[in-house]
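> Sequence:
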Amino acid sequence: MSSIDQTPSSPRRRSLASVAAIALVASGALGATLIEGRSPALAQAPITVTPSQALPSFADVVDKVKPAVVSVRVKIANVADTAEDSAPSGRGLENVPPQLREFFRRFGEGQPGERGPRQGRPGGARQSQGSGFFISADGYAVTNNHVVQNAASVTLVTDDGRSIDAKVVGTDPKTDLALLKVNEGGTYPYVRIAGKAPRVGDWVVAIGNPFGLGGTVTSGIVSARGRDIGAGPYDDFLQIDAPINKGNSGGPTFNLLGEVVGVNTAIFSPSGGSVGLAFAIPADTVQTVVDQLGKEGQVTRGYLGVQVQPLTRDIADGLGLKEDKGALVGSAQADTPAAKAGLKAGDVITAVNGEPVANARELTRKVGGLRPGSKAEVRYLRDGREQTATVELATLPGEKSAKVERDTDRANPRLGLQLGPTQGGEEGVAITSVDPNGPAATKGLQAGEVILEVGGQAVSNPSDVKAGVEAAQKAGRKAVLMRIKGREGTRFVAVALPNAG
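0 is the number of the first residue of the sequence shown in numbering that gives the first Met the number 0; add one for each residue after it.
Since the hints were derived computationally from the structure, they do not count as laboratory data. Every value quoted in this text rests on a predicted model; they were computed, and no experiment measured them. We treat Cβ as the ideally placed atom computed from N, Cα and C, and that holds for glycine. Take these hints with a grain of salt, some might be off.
Claimed, not checked - Using 25 Å as the maximum straight-line C-alpha spacing, the simulated DSS-like pairs for lysine-lysine come out as follows:
{"id": "1", "residue 1": "K321", "residue 2": "K173"}
{"id": "2", "residue 1": "K339", "residue 2": "K365"}
{"id": "3", "residue 1": "K195", "residue 2": "K74"}
{"id": "4", "residue 1": "K173", "residue 2": "K294"}
{"id": "5", "residue 1": "K195", "residue 2": "K339"}
{"id": "6", "residue 1": "K484", "residue 2": "K180"}
{"id": "7", "residue 1": "K65", "residue 2": "K166"}
{"id": "8", "residue 1": "K195", "residue 2": "K173"}
{"id": "9", "residue 1": "K465", "residue 2": "K442"}
{"id": "10", "residue 1": "K65", "residue 2": "K195"}
{"id": "11", "residue 1": "K294", "residue 2": "K339"}
{"id": "12", "residue 1": "K442", "residue 2": "K74"}
{"id": "13", "residue 1": "K324", "residue 2": "K343"}
{"id": "14", "residue 1": "K465", "residue 2": "K74"}
{"id": "15", "residue 1": "K477", "residue 2": "K465"}
{"id": "16", "residue 1": "K63", "residue 2": "K180"}
{"id": "17", "residue 1": "K294", "residue 2": "K477"}
{"id": "18", "residue 1": "K63", "residue 2": "K173"}
{"id": "19", "residue 1": "K294", "residue 2": "K343"}
{"id": "20", "residue 1": "K343", "residue 2": "K180"}
{"id": "21", "residue 1": "K339", "residue 2": "K321"}
{"id": "22", "residue 1": "K374", "residue 2": "K321"}
{"id": "23", "residue 1": "K166", "residue 2": "K365"}
{"id": "24", "residue 1": "K473", "residue 2": "K442"}
{"id": "25", "residue 1": "K343", "residue 2": "K374"}
{"id": "26", "residue 1": "K324", "residue 2": "K294"}
{"id": "27", "residue 1": "K195", "residue 2": "K465"}
{"id": "28", "residue 1": "K63", "residue 2": "K74"}
{"id": "29", "residue 1": "K294", "residue 2": "K321"}
{"id": "30", "residue 1": "K343", "residue 2": "K321"}
{"id": "31", "residue 1": "K166", "residue 2": "K195"}
{"id": "32", "residue 1": "K173", "residue 2": "K442"}
{"id": "33", "residue 1": "K374", "residue 2": "K324"}
{"id": "34", "residue 1": "K180", "residue 2": "K74"}
{"id": "35", "residue 1": "K180", "residue 2": "K294"}
{"id": "36", "residue 1": "K166", "residue 2": "K374"}
Said to hold, decoys possible - Quick list of simulated restraints, FRET-style, between CB atoms:
{"id": "37", "residue 1": "D137", "residue 2": "G200", "range": "19 to 27 Å"}
{"id": "38", "residue 1": "R191", "residue 2": "T394", "range": "27 to 35 Å"}
{"id": "39", "residue 1": "D59", "residue 2": "D164", "range": "44 to 52 Å"}
{"id": "40", "residue 1": "R191", "residue 2": "S162", "range": "23 to 31 Å"}
Just need the whole structure built from these sequences, with the hints factored in.
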């Protein structure tokens, strides 16, 4: 005999009957049938939530800012084909510890299934997609450097479906930022960069073009600030848990006022997809870099000339210091601002221009945020005593190589060449990208090569190249002769001129 009482009046029996009835109502089988003495009105009453219990809606913010967010489509010429082209790239994260490197991913480097051309295939190109946003009514837009790197052409697709050609005004690989400008005139919807950093726990909204699905909105919170993921010397990322995926690169993260608090740039992911760990370049860094790119086409940073290392508790004890705050000078390089100001190994830098320096990484960011030629007051500890020095900062070595000429895309538009300065003061003019449909591509010219001469005359800047092309046109020549320096040495190339018969 069962241990459960079978009589209708048994409480256990009534309990089981209630559970069964509720289950049937949940599936719609009983409709308005009474449930163990409950009234029909109670059984059919909808669940309501008071406003104080409701989750926040982001609809008003999204309606306000979404028109300013764009999809960035890039045609990349002369890029080596690799087996990993269809996977998110880890480029730019070489300093990440080996055990973590495989999990960090840049995203926005093309779409699933795409493959790039073989190295050296003339005119070969592949497509890449990312995100961006307008920051001015006249069409300036921000995205990631790694989205537009090696771009032969850039197209912005707006929220209403318009496709607009754009040029790269300047890039800053060290912070992974790039400034674009549309080629068409007009007035464009734009958003503002926040003047105040968000707090950990604040709500944020990300909008972008994941996997080519433009206008995608996700939300989350700021999970942490000041993250160093080993991507570069100026790491100071916001960590957010809004879902970010491949194609979101360069897209904005907004606060609830509709201000940009960060530019999405990397994720931490074992699979390549979002697991709730995303990193955004903070607004103050974006504003500083974009201002310089807009004015000068490049970013120049202050240079102190010291090698620094973290100040550990043990080292602080060994130096007789009460706190382990500051940046320990490992050496002051000869003939640098630091050496000229008298700084030397063993000094602990504690402040720059009155702002405290917590660690070596913070010193790098503070000095890098100052302009070359400016004077900085450096406070430091030596033998336990506080001292100060006034240092006139120099330019960070190699910084000029990050410059993109403001009008390089106009230097030789019909030849299909985009030009820029060479690295390290090398002679000639660098080819930064090649239009796969232009006459230069048909002659096998590639990004990374250097133009040494045009029409028999040495060139040192894009204006020289333009002048040489114009001289050949005036002389009635069908082609202009260029001497090109590449990986395998130098060669002469005759590029057909516009309107040549």
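> Hint by hint, say whether it matches the structure.
So, going through the hints one by one against the coordinates:
no.: 1; hint: K321 / K173; in the structure: 34 Å, violated
no.: 2; hint: K339 / K365; in the structure: 20 Å, holds
no.: 3; hint: K195 / K74; in the structure: 36 Å, violated
no.: 4; hint: K173 / K294; in the structure: 18 Å, holds
no.: 5; hint: K195 / K339; in the structure: 36 Å, violated
no.: 6; hint: K484 / K180; in the structure: 30 Å, violated
no.: 7; hint: K65 / K166; in the structure: 22 Å, holds
no.: 8; hint: K195 / K173; in the structure: 23 Å, holds
no.: 9; hint: K465 / K442; in the structure: 18 Å, holds
no.: 10; hint: K65 / K195; in the structure: 21 Å, holds
no.: 11; hint: K294 / K339; in the structure: 31 Å, violated
no.: 12; hint: K442 / K74; in the structure: 19 Å, holds
no.: 13; hint: K324 / K343; in the structure: 18 Å, holds
no.: 14; hint: K465 / K74; in the structure: 24 Å, holds
no.: 15; hint: K477 / K465; in the structure: 16 Å, holds
no.: 16; hint: K63 / K180; in the structure: 22 Å, holds
no.: 17; hint: K294 / K477; in the structure: 38 Å, violated
no.: 18; hint: K63 / K173; in the structure: 31 Å, violated
no.: 19; hint: K294 / K343; in the structure: 36 Å, violated
no.: 20; hint: K343 / K180; in the structure: 45 Å, violated
no.: 21; hint: K339 / K321; in the structure: 29 Å, violated
no.: 22; hint: K374 / K321; in the structure: 29 Å, violated
no.: 23; hint: K166 / K365; in the structure: 31 Å, violated
no.: 24; hint: K473 / K442; in the structure: 22 Å, holds
no.: 25; hint: K343 / K374; in the structure: 19 Å, holds
no.: 26; hint: K324 / K294; in the structure: 36 Å, violated
no.: 27; hint: K195 / K465; in the structure: 44 Å, violated
no.: 28; hint: K63 / K74; in the structure: 30 Å, violated
no.: 29; hint: K294 / K321; in the structure: 44 Å, violated
no.: 30; hint: K343 / K321; in the structure: 21 Å, holds
no.: 31; hint: K166 / K195; in the structure: 30 Å, violated
no.: 32; hint: K173 / K442; in the structure: 33 Å, violated
no.: 33; hint: K374 / K324; in the structure: 23 Å, holds
no.: 34; hint: K180 / K74; in the structure: 16 Å, holds
no.: 35; hint: K180 / K294; in the structure: 13 Å, holds
no.: 36; hint: K166 / K374; in the structure: 35 Å, violated
no.: 37; hint: D137 / G200: 19 to 27 Å; in the structure: 36 Å, violated
no.: 38; hint: R191 / T394: 27 to 35 Å; in the structure: 30 Å, holds
no.: 39; hint: D59 / D164: 44 to 52 Å; in the structure: 32 Å, violated
no.: 40; hint: R191 / S162: 23 to 31 Å; in the structure: 25 Å, holds
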